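Can you make the complete structure from the sequences, with help from the hints?
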Amino acid sequence: ANILQFRQAKGTAAVVEQVARSVSGWSVVAVEFFQRLATSQHVNHVRGDAPAFASVRDSTRARNSRSPFSAMAHAPAAGVPAGWSGRYNIPHLGLFIWRNAAAPVWPIQSQDDGYLGGAEPASLVPGNGLLTFDPLGRDLPLVNRPAADHAVAARVVPRMVPMPLGRAAVHDALNAARDRGETPERWFEEDPPFRVRLDGGEVPPARLFCCNLQQTDAGVWRRPANAGEVLVDPELGRLSLHPMDEGKPVETGFASIQHFDIGGGAYDRRASLGQWLPAFEPDTAGLWQIGVSKLVGSVTDDPLSGGPVVDNFREAVRRWNDQATEGARGIITVLDNATYTEALNTDGRRILLPKGARLAIVAAAWPVEEKDGGRRERQVGQLAPMDRGPVLRGPLMVDAADAGDDEGGTLIVDGLVLAGNVSARPGGDLLELGLYNCTVGAEGPQLERAVLALGGNARMSLVLDRCIVSRVDLREAAGALRVRRSIIGEDRGGAGAAVVLRAPNMDATVDGSTVIGGVSCRSLRASNGIFTRRIEVSHRQIGCVRFSFVEDGEGLPRRYRCVSAGDEAATRPVFVSTRFEDPEFGRLAMGSPPVILEGAEDGMEMGVGHANRDPARRANIRDAVEEFAPVGLVPGLIYMT
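Note that our numbering has the sequence shown beginning at 1, numbered continuously upward.
There may be inaccurate statements among the hints.
What the hints assert, rightly or not - With a straight-line Cα cutoff of 20 Å, these simulated SDA-like cross-link-like pairs (lysine to any residue) come out: (1) K248 x Y115; (2) K248 x E202; (3) K248 x T341; (4) K248 x G200.
To be verified - Quick list of simulated restraints, FRET-style, between CB atoms: (5) A148 x P91: 26 to 34 Å; (6) Q379 x A148: 26 to 34 Å; (7) R66 x R223: 32 to 40 Å; (8) R57 x N128: 18 to 26 Å; (9) G286 x A147: 41 to 49 Å.
Just so you know, the hints here were simulated from the structure itself, not pulled from any lab data.
Nothing here was measured: the structure is a model prediction, and the numbers come from that model.
Ideal Cβ positions, reconstructed from N, Cα and C, are used throughout, including at glycine.
Quick look at the structure:
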């Protein structure tokens with residue numbers, strides 16, 4: 001639709017940015033490096049923002065010197081445009097690329113008072129008012145929520161890219177709010193990068209203060225001067241409360257870095273919904289459904305007022321347990337982004353699954369239909385799985401009844417972050433546990449807990465689809481194990497050597513996933529994956545490992561076009577980070593060998609990044625830039641991390 005405008009604007013940096021974003025889906029900023037050279041300028045084209053000398057007193061300007069939005073001038077250099085030492089040359093065109101997206105965790109409603117269904121910050125020091133925006137307690141830097149760009153001729157500005165928020169920029173904006181009553185371009189008023197609600201009320205920009213909230217060696221951090229004020233550190237993702245505000249409910253809205261659409265979050269999960277929901281639909285007339293929400297005014301038992309909706313998981317599970325019978329179908333729908341601190345593994349609170357019963361716990365909107373007479377009804381079975389990423393702090397246990405030779409119970413969890421472990425009652429008969437778009441085992445900033453089936457449950461099958469999981473320990477289960485587009489385990493300096501996928505009696509299928517640790521299973525079929533430690537397979541006559549990186553070729557079934565660490569000393573994947581609390585957890589670094597970055601069956605990268613299709617995006621950018629870039633300029637791709 002934009003091709004005519006693109007061709008009319010050919011040869012300009014603005015159209016290069018637009019075309020590169022259109023063909024890749026990434027945020028791109030084009031910089032003509034000849035305009036950043038500290039040379040004599042033509043009097044008809046004076047660049048007053050490119051002085052020949054850098055100010056050592058302007059720390060913000062200095063920190064942004066390698067940013068595409070820097071105004072500093074540089075001495076000419078020889079080299080490739082993508083390299084730091086040689087990028088500033090007359091024929092070089094730099095394409096600064098953000099491969100990551102901004103994942104918003106935002107309150108679902110906008111009201112003046114009350115709890116709105118947003119994230120609940122985690123306390124770094126219990127009861128002392130130092131919190132993290134991330135409900136799991138990680139120091140995740142906040143990123144900008146990109147504003148829309150609809151004009152082909154307009155250049156990309158910092159508000160349009162998912163770049164990390166700097167203290168200086170936020171500090172200046174909030175100071176402007178106190179001086180003039182609003183921030184520049186109404187940044188915090190119309191599309192704020194983050195929100196804080198304290199004791200049920202919105203904290204205005206004039207009462208937000210930006211500073212460094214790093215703790216000193218003595219464990220001291222900064223505090224607001226007055227009650228009702230909040231200190232925010234966007235680079236650490238922290239906030240600080242006044243002593244008089246400690247213990248009051250706090251709710252936040254923010255965006256963090258997300259490289260893969262996995263592990264729960266606000267991304268579109270309709271494709272995953274289509275994998276398990278059809279098994280619930282044939283018996284729609286008997287389908288049972290309930291909502292869970294902390295939204296003000298949403299909790300009700302009246303079906304003519306949008307019910308039934310309860311405000312906690314325990315009540316929803318209790319109601320399911322009370323009415324569940326053999327072959328029952330039920331859906332518990334989490335309607336917001338709230339944080340629920342509940343234990344669902346004790347007597348009376350664990351999930352009961354009668355013979356042949358199916359229960360799904362899914363984070364999704366449950367649309368309300370407005371009827372005549374002011375009635376507000378929800379249609380059973382209608383789900384919109386997006387813009388929801390709730391957190392359940394606490395363990396979850398399934399109590400599946402003995403089914404004998406009949407079909408056992410099935411539990412589906414889709415779109416939740418589960419800080420505790422997921423387990424099954426010893427001696428139960430769970431037929432299938434399906435985890436879709438979940439993070440499991442993230443208690444605090446580390447992956448510690450496990451997806452664990454205790455004794456019994458011998459027929460159990462496990463599905464991990466778009467998940468981040470600490471480890472899987474299924475020593476007695478003998479069903480199928482299917483892993484797709486997931487990350488299992490983490491490496492914190494040696495911890496990755498442990499077996500993180502232990503299923504000695506299960507036939508495993510692993511596709512497009514990264515396993516940071518060892519694997520033990522009955523048989524293995526793997527494609528486009530990365531396995532960083534030894535794999536033990538008892539039945540090697542069946543199965544195959546294709547287009548994957550494996551640490552050691554021994555003990556595997558047939559291999560086809562795989563890469564092994566024993567092939568060459570330098571042939572190993574290089575990760576940006578293998579620690580869960582880091583923003584780029586599980587992402588391959590650009591310094592990884594090409595046989596891994598482009599070694600999957602379709603020329604994409606191995607591991608969990610296979611579905612992102614980064615090599616194809618890079619190729620699309622190069623082809624498009626060749627057609628639309630100014631004549632004579634040599635492009636170079638520069639990745640912002």
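Okay, the hints, checked on the actual structure:
| no. | hint | in the structure |
| --- | --- | --- |
| 1 | K248 x Y115 | holds (12 Å) |
| 2 | K248 x E202 | holds (13 Å) |
| 3 | K248 x T341 | holds (16 Å) |
| 4 | K248 x G200 | holds (9 Å) |
| 5 | A148 x P91: 26 to 34 Å | holds (33 Å) |
| 6 | Q379 x A148: 26 to 34 Å | holds (32 Å) |
| 7 | R66 x R223: 32 to 40 Å | holds (34 Å) |
| 8 | R57 x N128: 18 to 26 Å | violated (36 Å) |
| 9 | G286 x A147: 41 to 49 Å | holds (47 Å) |
Violated hint for the displayed structure: number 8, the only one.
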